[in-house]
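Line by line, the protein sequences are chains C and Y.
First residue of the first sequence: 126, per the numbering used here; consecutive thereafter.
First residue of the second sequence: 1200, per the numbering used here; consecutive thereafter.
Be careful, since some hints might not be right.
As the list claims (entries may be wrong) - Computed list of lysine to aspartate or glutamate pairs in EDC-like fashion (alpha-carbon distance at most 20 angstroms, straight line):
| no. | chain 1 | residue 1 | chain 2 | residue 2 |
| --- | --- | --- | --- | --- |
| 1 | Y | Lys1330 | C | Glu438 |
| 2 | Y | Lys1321 | Y | Glu1359 |
| 3 | C | Lys176 | Y | Glu1374 |
| 4 | C | Lys289 | Y | Glu1359 |
| 5 | C | Lys127 | C | Asp137 |
| 6 | C | Lys147 | Y | Glu1374 |
| 7 | C | Lys287 | Y | Glu1359 |
| 8 | C | Lys176 | Y | Glu1383 |
| 9 | C | Lys439 | Y | Glu1258 |
| 10 | C | Lys179 | Y | Glu1389 |
| 11 | C | Lys205 | Y | Glu1233 |
| 12 | C | Lys147 | Y | Glu1344 |
| 13 | Y | Lys1326 | C | Glu440 |
| 14 | C | Lys589 | C | Asp426 |
| 15 | Y | Lys1384 | C | Asp137 |
| 16 | C | Lys563 | Y | Asp1250 |
| 17 | C | Lys194 | C | Asp229 |
| 18 | Y | Lys1386 | C | Asp137 |
| 19 | C | Lys287 | Y | Asp1361 |
| 20 | Y | Lys1384 | C | Asp149 |
| 21 | Y | Lys1321 | C | Asp437 |
| 22 | Y | Lys1239 | Y | Glu1249 |
| 23 | C | Lys179 | Y | Glu1382 |
| 24 | C | Lys591 | C | Asp460 |
| 25 | C | Lys134 | Y | Glu1391 |
| 26 | C | Lys547 | Y | Asp1244 |
| 27 | Y | Lys1384 | C | Glu144 |
| 28 | C | Lys300 | C | Asp586 |
| 29 | C | Lys179 | Y | Glu1391 |
| 30 | Y | Lys1365 | C | Glu145 |
| 31 | Y | Lys1365 | C | Glu144 |
| 32 | C | Lys173 | Y | Glu1233 |
| 33 | C | Lys289 | Y | Asp1361 |
As the list claims (entries may be wrong) - Sample of chain Y residues at the chain C side, in silico, Cβ under 8 angstroms:
| no. | residue |
| --- | --- |
| 34 | Asp1219 |
| 35 | Pro1225 |
| 36 | Lys1226 |
| 37 | Gly1273 |
| 38 | Pro1274 |
| 39 | Ser1280 |
| 40 | Pro1362 |
Hints in this document: simulated from the structure, not taken from any laboratory.
All residues carry an ideal CB built from backbone N, CA and C; glycine is no exception.
Read off the chains here:
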Amino acid sequence: MKPKNIIEKIWDQHVVLSEEGKPDLLYIDLHLIHEVTSPQAFEGLRVKGRKVRKPQNTFATMDHNIPTKNRYQLEDEVAKKQIRALERNCHEFGIELAGLDSEDQGIVHVIGPELGLTLPGKTIVCGDSHTSTHGAFGALAFGIGTSEVEHVLATQTLWQHKPKTLKVEVNGELKYGVTAKDVILYIIGKYGVDFGTGYVIEYAGDCIRNMSMDERMTICNMSIEFGARAGLVAPDETTFEYVKGRKYAPKGEAFSQSVAYWKSLNSDEGAEYDQTIVIQGEDIAPMVTWGTNPGMVVPVDESVPSLSQAKDEKERTSFKRAYEYMGLNPGEKIDHVSVDYVFIGSCTNSRLSDLRNAAEVIKDKHVHPSVTAIVVPGSQSVKRQAEKEGLHEIFIKAGFEWRDSGCSMCLSMNNDVVPSGKRCVSTSNRNFEGRQGKGARTHLVSPAMAASAALYGHFVDIRKIKISSFTS
Amino acid sequence: MQPFQSVTSKVAVLNRANVDTDQIIPKQFLKRIERTGYGKFAFFDWRYFEDGSPNPNFELNYEKYKGAEILLAGPNFGCGSSREHAPWALADYGFKVIMAPSFADIFHQNCLKNGLLPIRMKDENMKQLLKKALGNDYECTVDLEGQRVYDKDGFEFSFEVDPHWKEMLLHGRDEIAFTLLYEEKIKSYEKERVVF
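Just chain C, with the same shape it has in the complex (with noise of 0.2 angstroms):
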């Protein structure tokens, strides 16, 4: 038999129908929702008389447009209509909901790996790109639009071309302060924003073996900023630790069948690709995006790139927008710049994890007084235990504000807005134009570089800074 890899393995699995001349109707397993994308597919139900086919391998959170402050005063009636439908919604199609109240509330693709929802070999679907994340489990996990979250709630399925596969290969090991977020931003950097489309990736190599799950997912995070709508690794004993346990994994004699199964997964000996890249780990620097997609992004200790180093003419282009956007100069040194915000959060990287090496970098340290900086845990479950560590009297005590869950400043649907023409230094994801608030300025980094920027008031090359050590 042909040897398979990964993706085509759980792809065959959960494949309903394969005729000529269409997509594979692809059976979904977990299907997550939220407030924002989610109400327009209920109503669609609604108007045909539809039911949910599986409200138990359905599960919804709110996240996007909650406050992280007050967050039972949802002053904004827009979006206080929009949580007040998924519960609705939720209650009359019965559907669990982690809502503002659960203790399990939080972002989406936090939620799903930290209640055991999240599995390897499971097919993932939520209205949302970052779905992505789930990927980090050995899952397909890829975001859908809201006619077909409706599909998916309608039917479990999905009409789905099979995707070409992409095998990213992470060998060696990471130099003293990059990150998991420093290694994604490098592959957008150095092959493109586009390069994964029509992609599904599978990550790979001893890099990416040595990864803690957090770490994991945080690359599979930002695959579709690679342009891929899925991203994965394959599942291995730090997965199954990770799991075992969580509330809604399987338990006792079921969890050991699982993971015979999920190790069963793993990609065969000689499986083909439709392509492959390497990456050398020590080749990566901590990194900081300097334009308006994640893709212009440069090594910290460098500058902001100049218009010959633009590959063509359209780019030339772009870079001209980015400068005047950014309110930067070709040529400019990056630890030059100095910034006005910092945001520690997202579904990118606001676990434990990451709010433990913000801690370690500011602790017993102030945050510059130009600095507005907060910290927004990606779950009420990663407050919970990082107040637990003390982690935030050490943030607190260093000028941040200690936030309640949610997407936050990713987006800036709910208050937390950046200024126009202010700088945030940002552990999320994107940095287009306008996300963080109209004219506002975003430079994505890991959690230790936003730290250290916000202790300094402007980037710094967290190297050069002594730590005694980074925790995953």
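Let chain C serve as the given structure and place chain Y on it in line with the hints.
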């Protein structure tokens, strides 16, 4: 979904690379619970000044592109968020066809679900059409059945479209109703598979 057969229209040009869905429909408009009425918010931050007046330098505000139902865009159009509000906004604005050298995967899929035809352009066709559309009073026709684009000057090219989605678009089919025709298949899949 409205059936799509053909359209003859002006071609508006937005020749920028990597136009993301945050630009197509900024997040402040995602809090609504309706599917309609997003057209007035399309490209909001580019289209209007702070005081609400139209920005005359934004391409879609050019007089010559008023009423265009075809949009000619740059590569990787629709990258970023999965928000279907982006095709909702473009369709509500009046577009029926988006042509670009490449599209982000989720956006491409979302267009097809909303009767908005995305056409991937080959370099040579892109170059020629761009030149024409940047001029004045240019119109062309997009014929989905025949899978071709042509104008009155004899310029013509064919385009590829997935046969399944072509069928769905031509007839404006309800996709869920279509899938439910396979209900028995889904049931037997659910019955036979081992769940871990």
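Comparing the hints with the structure gives:
As the CA atoms of Lys1330 (chain Y) and Glu438 (chain C) are separated by approximately 16 angstroms, the hinted pair is consistent with the 20 angstroms bound. Restraint check for Lys1321 (chain Y) and Glu1359 (chain Y): satisfied, since their Cα atoms lie roughly 10 angstroms apart, inside the 20 angstroms limit. A distance of roughly 15 angstroms separates the Cα atoms of Lys176 (chain C) and Glu1374 (chain Y); the hinted pair therefore holds under the 20 angstroms criterion. Our distance criterion of 20 angstroms between C-alpha atoms is met by Lys289 (chain C) and Glu1359 (chain Y), whose separation comes to about 18 angstroms.
A hinted pair counts as satisfied when its Cα atoms are at most 20 angstroms apart, and Lys127 (chain C) with Asp137 (chain C) qualifies at roughly 13 angstroms. Using a Cα cut-off of 20 angstroms, the hinted pair Lys147 (chain C) and Glu1374 (chain Y) holds, with the two alpha carbons roughly 13 angstroms apart. Restraint check: the Cα-Cα separation between Lys287 (chain C) and Glu1359 (chain Y) comes to about 18 angstroms, which is no more than 20 angstroms; the hinted pair holds. Note on Lys176 (chain C) and Glu1383 (chain Y): the hinted pairing holds, with a Cα-Cα distance of about 17 angstroms set against a maximum of 20 angstroms.
At roughly 16 angstroms between alpha-carbon atoms, Lys439 (chain C) and Glu1258 (chain Y) fall within 20 angstroms of each other, so this suggested pair holds. In summary, the hint linking Lys179 (chain C) to Glu1389 (chain Y) is supported, as the alpha carbons are separated by about 11 angstroms, within the 20 angstroms threshold. With a CA separation close to 14 angstroms, the supplied pair Lys205 (chain C) and Glu1233 (chain Y) stays within the 20 angstroms bound. Distance restraint check for Lys147 (chain C) and Glu1344 (chain Y): the Cα-Cα separation of roughly 17 angstroms lies within the 20 angstroms cut-off, and the hinted pair is therefore satisfied.
A distance of roughly 17 angstroms separates the Cα atoms of Lys1326 (chain Y) and Glu440 (chain C); the hinted pair therefore holds under the 20 angstroms criterion. Note on Lys589 (chain C) and Asp426 (chain C): the hinted pairing holds, with a Cα-Cα distance of about 11 angstroms set against a maximum of 20 angstroms. A distance of roughly 15 angstroms separates the Cα atoms of Lys1384 (chain Y) and Asp137 (chain C); the hinted pair therefore holds under the 20 angstroms criterion. Straight-line distance between C-alpha atoms of Lys563 (chain C) and Asp1250 (chain Y) comes to about 13 angstroms, which keeps the hinted pair within the 20 angstroms bound.
At roughly 17 angstroms between alpha-carbon atoms, Lys194 (chain C) and Asp229 (chain C) fall within 20 angstroms of each other, so this suggested pair holds. A distance of roughly 17 angstroms separates the Cα atoms of Lys1386 (chain Y) and Asp137 (chain C); the hinted pair therefore holds under the 20 angstroms criterion. Distance check on the hinted pair: Lys287 (chain C) and Asp1361 (chain Y) sit about 13 angstroms apart at the alpha-carbon level, within 20 angstroms; holds. For the suggested pair Lys1384 (chain Y) and Asp149 (chain C), the alpha carbons sit about 12 angstroms apart, so the restraint of at most 20 angstroms is met.
Between Lys1321 (chain Y) and Asp437 (chain C), the direct Cα distance comes to roughly 18 angstroms. Compliance with the 20 angstroms bound is thereby established for this hinted pair. In summary, the hint linking Lys1239 (chain Y) to Glu1249 (chain Y) is supported, as the alpha carbons are separated by about 15 angstroms, within the 20 angstroms threshold. Under the criterion of a C-alpha separation no larger than 20 angstroms, the hint pairing Lys179 (chain C) with Glu1382 (chain Y) is consistent with the structure, at around 13 angstroms. In summary, the hint linking Lys591 (chain C) to Asp460 (chain C) is supported, as the alpha carbons are separated by about 17 angstroms, within the 20 angstroms threshold.
Under the criterion of a C-alpha separation no larger than 20 angstroms, the hint pairing Lys134 (chain C) with Glu1391 (chain Y) is consistent with the structure, at around 17 angstroms. Among the hinted pairs, Lys547 (chain C) with Asp1244 (chain Y) is consistent with the structure: their alpha-carbon atoms are about 17 angstroms apart, no more than 20 angstroms. Using a Cα cut-off of 20 angstroms, the hinted pair Lys1384 (chain Y) and Glu144 (chain C) holds, with the two alpha carbons roughly 12 angstroms apart. The suggested pairing of Lys300 (chain C) with Asp586 (chain C) holds, with an alpha-carbon distance near 13 angstroms, which does not exceed 20 angstroms.
In summary, the hint linking Lys179 (chain C) to Glu1391 (chain Y) is supported, as the alpha carbons are separated by about 16 angstroms, within the 20 angstroms threshold. Taking the CA atoms of Lys1365 (chain Y) and Glu145 (chain C), the gap is near 14 angstroms; set against the 20 angstroms cutoff, the hint holds. For a cut-off of 20 angstroms, the pair hint linking Lys1365 (chain Y) to Glu144 (chain C) stands: about 16 angstroms separates their Cα positions. This hinted pair checks out: Lys173 (chain C) and Glu1233 (chain Y) have alpha carbons roughly 16 angstroms apart, not beyond 20 angstroms.
Proximity of Lys289 (chain C) to Asp1361 (chain Y) is assessed by CA-CA distance (about 16 angstroms); at most 20 angstroms being required, the pair is judged to hold. With a cut of 8 angstroms, the hint placing Asp1219 (chain Y) at the interface with chain C holds, because the nearest CB-to-CB distance is about 5 angstroms. The criterion of a C-beta within 8 angstroms of any C-beta in chain C is met by Pro1225 (chain Y), whose closest approach is roughly 6 angstroms, and the hint holds. Annotation: interface hint on Lys1226 (chain Y) holds; nearest CB of chain C at approximately 5 angstroms, less than 8 angstroms.
Evaluation of the Gly1273 (chain Y) hint against chain C yields a held restraint, the C-beta minimum of about 7 angstroms falling below 8 angstroms. Taking 8 angstroms as the C-beta contact cut-off toward chain C, the hint placing Pro1274 (chain Y) at the interface holds, the least distance being around 7 angstroms. Because the closest C-beta pair between Ser1280 (chain Y) and chain C is about 5 angstroms apart, less than 8 angstroms, the hint holds. A cut of 8 angstroms between beta carbons decides the hint on Pro1362 (chain Y): the least distance to chain C is about 5 angstroms, and the hint holds.
Checked against the numbered hints above, the structure breaks none of them.
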